[in-house]
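**Q** Knowing the structure of chain A, use the given hints to seat chain B on it.
The primary structure of each chain is shown beneath.
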Amino acid sequence: MLDKLKEFASEFFVTGDPLILGAQVSIGLSLVAIIFALTFFKKWKWLWTEWLTSVDHKKIGIMYIIASLLMLFRGGVDALLMRMQLAAPQLEFLNAEHYNAIFTTHGVIMILFMAMPLMFGLFNIVVPLQIGARDVAFPFLNSLSFWMFFFGAMLFNVSFIIGGSPDAGWLAYPPLSELSGSPGLGQDFYIWGIQISGIGSLATGINFIVTILKMRAPGMKLMQMPMFIWSVLSSCITIIFAFPILTVTLFLLFLDRYLGAHFFTLDGGGNPMMYINLIWMWGHPEVYIVILPAFGIFSEVVSTFSKKKLFGYKSMVFALMSISFFSFFTWAHHFFTMGSGADVNAFFAITTMLIAIPTGVKVFNWLFTMYRGRITFSTPMMWAVAFIPCFVVGGMTGVMLSVAPADFQFHNSYFLIAHFHQVLIGGVVFGYFAGLYYWWPKMFGFRLHEGLGKWAFWFWNIGFYVCFMPQYALGLDGMTRRVNTYDFDMGWQPLNVISTVGAFLMGLAFIFQVWQIAHSIKFYKKEKDGDAWDGRTLEWSIPSPAPLYNFARLPQVRSQDDWWEEKQRKAKGEPAKPLAPLEPIHMPKNSGIPFIMSACWFTAGFGFVWDWKWMIVLGLGGVVVCMLARSFSYDTDYYIPVDEIERTEAALRGTK
Amino acid sequence: MAQAINKPAAGSHGGHGAGHGGRHEEHHDQEAMKTFGFWLFLITDVILFGTLFATFVVLRLNTDGGPTGAELIELNGIIISTFILLTSSFTSGVSVLEMNKGSKRGLILWLAITALLGAAFIYLEVAEFMHLVHEGATIGTSAYWSAFFTLVGTHGLHVTVGLVWMVALMLQLSRRGITPVTKRKVGIISLYWHFLDVVWIFVFTIVYLMGVM
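For the record, the sequence lines run as chains A and B.
Heads up: the first sequence runs through residues 1 to 656, numbered per this note's numbering.
Heads up: the second sequence runs through residues 657 to 869, numbered per this note's numbering.
Take every hint as true, because none was put in to throw you off.
Listed next, with one range per pair, are the computed distances between beta-carbon atoms: (1) Leu827(B) with Lys314(A): 43 to 53 Å; (2) Phe347(A) with Glu730(B): 37 to 47 Å; (3) Gly762(B) with Leu179(A): 49 to 59 Å; (4) Lys760(B) with Gly621(A): 27 to 37 Å; (5) Val854(B) with Asp267(A): 33 to 43 Å; (6) Leu38(A) with Leu827(B): 31 to 41 Å; (7) Ser180(A) with Gly706(B): 28 to 38 Å; (8) Ser180(A) with Asn732(B): 32 to 42 Å; (9) Ala768(B) with Ala629(A): 20 to 30 Å; (10) Gly621(A) with Ala768(B): 19 to 29 Å; (11) Ile35(A) with Phe858(B): 49 to 59 Å; (12) Val77(A) with Gly706(B): 35 to 45 Å.
Derived from the structure by calculation, the hints contain no laboratory data.
Even for Gly, the Cβ is constructed at its ideal location relative to N, Cα and C.
Chain A extracted, bound-state conformation:
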């Protein structure tokens, strides 16, 4: 019995690597610590009723952001491990297998479990507040989206201590990712982790489109929406067209591995190149899905901190929408070298270059917004300003890559690595940081320490250039991606050392940010005015953090930047809008079903990975039961009575 158990455990857990053993021990210890703390402080019930079952978009947003920052930590540790391995020739810090696993999980985690949830977190917190709504269109579905993401991410992450990490690259090209190339369980964790969280992303896309189109405050026309809302809309439209392709692609790969189908295998008539086409038909729009909201954030931040209306509103809307359209016609530029022929390559080269045009329009719009503005360099604005040169360089190297004949030289080299890190860090990460700093007071009701934020900013920026500029040169010197080591005579060492130093500077920057948050919590100073930055849009017209129902009275919108105009009118002494009487507010009830249903998906996914039939049946059965339970429940909402609104408002506004 004991021997059997031992044998099982040795298969179940990943063994034999001191780094992973350390991780296992520390994960085990922190789990015990969390369970102990929750029990000791009697917080289980609080956790369940206030957070796990909450359908409040603000709380869901905060949970997204916490999860994404944890994932940023894990993805960042992966990155530092890689940079350590590459710091000198012939190092044996990580063996080849371990290195493969780490660059795979680094990519998946940073895109799907860091950038996406950070983006969804900001959507959740900001969108209803900016359009003057009380929640998203489907709060229950919203909670389900979050938990599907969360359990998907957990399923993916658990693979490095249980069963083994995926190691076929972040997009898992077959035939390597087929059973013949990756017989281990890692690839199955990959498929199910991404599949489950992908369904959540799809639902979020639908949810926010309906929210934006149907729930804007009375009077707010489409062309009066804040630019962030436009960017969310364009991103969500891209989501609902792109994510189903991912769902199908992963499902087909699953069928290949699980039922022996022949979609992408080398034998049986399968076609691996079809996978590469399909995954990039999702994958390329995906990078626009994450960058578009960052463009929206920059528009808000630049306009607020320049004290000017956004320059070129209509051209900005047009640029966002045309990018989300063109993003579906560029996928083949990821594999010009596949041999599709000159005509196909020419088509995709041109569509790729076309995207640079609307992007350029945006850059000029931001610059002209700043021109002759009264600029304040608070932390959000610093990120926005740092983004512009960084993204322009990243964009230009992108255009270089899009030149199909030249791409045969750049393909899969460190030049490419430097390019996409420059647009993803310089664009997406800088953008979301700007958003996080900008809306932090709205989320939590206190500001972050500016000085520490500036330290973090400079370390991030300097670290970024030190890390990635040498990689362009390394790529041109012939260093290819995904090599776990190189020889002395290649002459790559000096630049690699510099690059590693830069990576650690960014690691230091992250520590500054953690310190900044901890410091700001310790010296908590309530932000009394809801309008932390003298803002322009509706979210700044209500107290921070916003009450459960957001707006006691729904705002009547008259113009773009309505809150700013309102303040201008007030300053001129014009009479304020008459206040409508309060009415009971219709709110959705909390529900445990999203959490339980997602846990059931996790169970089913885990069962599929190990091929434990009982677990698959249990998980999928649980999913069906949860769906039916939801369908049969009719008592899903309630009203907040007027006197309760009055009390809450008096308490919130009374402290002014």
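**A** Just chain B, lined up with the frame of chain A:
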């Protein structure tokens, strides 16, 4: 459309905000919003099936020297099941008409007929799959059969989900009658059902007519 809704004069504005409109009107807005959300879901489902169709078309000749569809598939059964599914689309339309007339009994009756036709369709599909497996064509036989079983099977899975959903809805209708909420639910499932019918017409054309005849 959205702008019209947001005119203050219209008196209502979707969502969980209690505004000028009465509670009844607000309820109506919420149900309309859910129907709109379902239309968006159908877009995603179109893409999902579109991807499967593209896969099938790419792999349609890759039989790897094994059996082809034309050799094994018997078209007669497929034509019968096509007519059954098309009829079920008609009966689901009739059930919505009954609902609009306010007849709860008629609504449940026609939904039940629709579900029975759907079940018959699934029965025939399972029988066809068993026949094919018996003849030696499984999902692992070749790329052609992988794509065939996945595309047709995904449609069948959708129909099965619809069946469970329909039964659940009939139970809710018998308990609660025709309310704004159940009305919206019936509307959504009939959308879903017509959608699956349209998908089937493409399956029938591309997989069976073009592939087998």
